[in-house]
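Start from the sequences, fold in the hints, and give me the full structure.
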Amino acid sequence: MSLLEIDNLSKRFGGVVAVDECSIAVPAGSITGLIGPNGSGKTTVFNMVTGFIPKDTGTVSFKSKPIDGLGPDRIYQLGIGRTFQLARIFPRLTALENMLVPVRRKGLRALFSRADWSDERVRAMEMLEFLDIAQVANTVGGALSYGQRKLLELGAVLMAEPELVLLDEPAGGVNPALLEKIGEHIRRLNSRGITFLVVEHNMSFVMNLCTEVVVLHRGRAIASGKPDSVRQEPAVLDAYLGA
Amino acid sequence: MPVLLELVGVRAGYGGGDILQGVDLNIDEGSLTCIVGPNGAGKSTVLRVISGLLRPSMGTVRFRGESLAGRSPRAILARGIVQVPQERSLFPTMSVWENVRLGAFSVRDRRLVERRLATVCEMFPIVAERRREPAASLSGGQQKLVEFARALMLEPALLILDEPSMGLDPKTRTLVFNTVKGMNQSGRTLLLVEQNARSGLGIASHGVVMESGRVRLEGPGIDVLNNPEVARLYLGATA
Numbered sequence: 001m002s003l004l005e006i007d008n009l010s011k012r013f014g015g016v017v018a019v020d021e022c023s024i025a026v027p028a029g030s031i032t033g034l035i036g037p038n039g040s041g042k043t044t045v046f047n048m049v050t051g052f053i054p055k056d057t058g059t060v061s062f063k064s065k066p067i068d069g070l071g072p073d074r075i076y077q078l079g080i081g082r083t084f085q086l087a088r089i090f091p092r093l094t095a096l097e098n099m100l101v102p103v104r105r106k107g108l109r110a111l112f113s114r115a116d117w118s119d120e121r122v123r124a125m126e127m128l129e130f131l132d133i134a135q136v137a138n139t140v141g142g143a144l145s146y147g148q149r150k151l152l153e154l155g156a157v158l159m160a161e162p163e164l165v166l167l168d169e170p171a172g173g174v175n176p177a178l179l180e181k182i183g184e185h186i187r188r189l190n191s192r193g194i195t196f197l198v199v200e201h202n203m204s205f206v207m208n209l210c211t212e213v214v215v216l217h218r219g220r221a222i223a224s225g226k227p228d229s230v231r232q233e234p235a236v237l238d239a240y241l242g243a
Numbered sequence: 001m002p003v004l005l006e007l008v009g010v011r012a013g014y015g016g017g018d019i020l021q022g023v024d025l026n027i028d029e030g031s032l033t034c035i036v037g038p039n040g041a042g043k044s045t046v047l048r049v050i051s052g053l054l055r056p057s058m059g060t061v062r063f064r065g066e067s068l069a070g071r072s073p074r075a076i077l078a079r080g081i082v083q084v085p086q087e088r089s090l091f092p093t094m095s096v097w098e099n100v101r102l103g104a105f106s107v108r109d110r111r112l113v114e115r116r117l118a119t120v121c122e123m124f125p126i127v128a129e130r131r132r133e134p135a136a137s138l139s140g141g142q143q144k145l146v147e148f149a150r151a152l153m154l155e156p157a158l159l160i161l162d163e164p165s166m167g168l169d170p171k172t173r174t175l176v177f178n179t180v181k182g183m184n185q186s187g188r189t190l191l192l193v194e195q196n197a198r199s200g201l202g203i204a205s206h207g208v209v210m211e212s213g214r215v216r217l218e219g220p221g222i223d224v225l226n227n228p229e230v231a232r233l234y235l236g237a238t239a
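Residue numbers (my numbering), protein chains in the order written: chain A, 1 to 243; chain B, 1 to 239.
Think of the hints as simulated: they come from the structure by calculation, not from any bench. Just so it is clear, the structure is predicted and the values come from calculations on it, not from any experiment. We put the beta carbon where it would ideally sit given N, CA and C, even for glycine. Misleading hints may appear alongside valid ones.
Here are some of the chain B residues that sit facing chain A, going by a computed Cβ distance under 8 Å [stated by the list, open to error]: (1) G140; (2) E163; (3) Q195.
According to the in silico footprint, chain B covers these stretches of chain A (three or more CB under 8 Å from chain B) [claimed, not checked]: (4) 3-17; (5) 143-152; (6) 172-185; (7) 235-242.
Subject to a maximum C-alpha distance of 30 Å in a straight line, what follows is the list of computed DSSO-like cross-link-like pairs (lysine-lysine) [as the list claims (entries may be wrong)]: (8) K181/B with K171/B; (9) K65/A with K226/A; (10) K181/A with K226/A; (11) K226/A with K171/B; (12) K226/A with K63/A; (13) K181/A with K171/B.
See below:
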């Protein structure tokens, strides 16, 4: 069964067709990779799914219910979390505070109340340690390096334990040794029932991690299936991987 | 090879303690140096110090033997040190053409500008193809190529690239690494920071591993790449 169903989705920016009648199914429990050349519409698909930009035509369904037209906050509450290509964090909150913002769906209000945060703090610190950024737990987000921000954002999204997580280039700017650990962590979360849709250009990461792969080219899904079969399709080699 | 740029005992940070804990580094004329290391090791901070965007609290930076202490980023740029930052840096609403021309804003000779423009268009066809379109309409990878083109408009003595391959698809990434290598082979000195460490070290004449604000290890790129300890700690098994 598909957890997320994207059907005939289209988006134009002026004269440019960014997404062109694109259909993608993300099976529940999968780690689905979304790959394709720069400019093929991957991030635009993410932005439409998560309500950051309106679609032109088509539908998006989550757990068989249409979600297009809903705002990002509503979609987040339904259980879809995401990261951004250029990490978005709160620059004036510390790394630890950044981790606590998404914890409860009630969000910010609880952060500034006297609610008991000890369990969440422990969980947040464990996550920061896992991502090798525990030493900056009390540093404000704005003072972190590019890669550290990226890791922090990933940690914060995972803290909310959404049902579906959209990751936009989790490997970009991340040290390869750490990347392997992140891959393991995604797999572990996946085995606990979280579904992932991952945009990524690091092919060894995608091929090792993903259970399904969808290839976008000029706004359309040109191939989909198991990683091993997709990477041998001539259209994919030609459009994306190179000979 | 004579030393083009030299860092001696450089310490620097952003107010909350020093990120760089005493960095010593030599960049030889004509070399291609690649710095790798964990996130937060201080790689980008080294680049910021060289470009004058961050003042070191201790230590010296010398370019062609001259200390850069107290020099503004603009004065450092005028000496031929050009940096392409990690984050996107094109002016989004300006056209591709205008962005690239801006790279030579300090060059008075118009014919020289036109000549260089023709050269970069040859290297990066996207610049000519999309010249009238706003930079924001290009994909991340395309924007990176336009940033390179803009940096080359000054014919820099030292070109600094902060993670040039980030966000690029495999074909474009190969093109970028080939381009970086090609620029070096035609005599340009380059310094790059790369998390795509295997590819970066693979084309580098000089490899540098940074950790916790220090240079932990350095040597010919290929030696660093094949060092088993480096592979285990920084390169990952497969990536």
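To see whether the hints hold, each was checked on the structure:
1. G140: 6 Å, holds
2. E163: Hint on E163/B: holds, closest Cβ of chain A at ~6 Å, below 8 Å.
3. Q195: Since the shortest Cβ distance to chain A is 6 Å, the answer is holds.
4. 3-17: holds (count 3)
5. 143-152: holds (count 8)
6. 172-185: It holds: at least three residues are needed, and the region 172-185 of chain A offers 9 whose Cβ sits within less than 8 Å of chain B.
7. 235-242: holds (count 3)
8. K181/B with K171/B: Answer holds: K181/B to K171/B is near 15 Å, not above 30 Å.
9. K65/A with K226/A: 26 Å, holds
10. K181/A with K226/A: 23 Å, holds
11. K226/A with K171/B: Between K226/A and K171/B the Cα gap is close to 21 Å, so the pair holds against 30 Å.
12. K226/A with K63/A: 22 Å, holds
13. K181/A with K171/B: 26 Å, holds
Of the hints listed earlier, there is not a single one the structure fails to meet.
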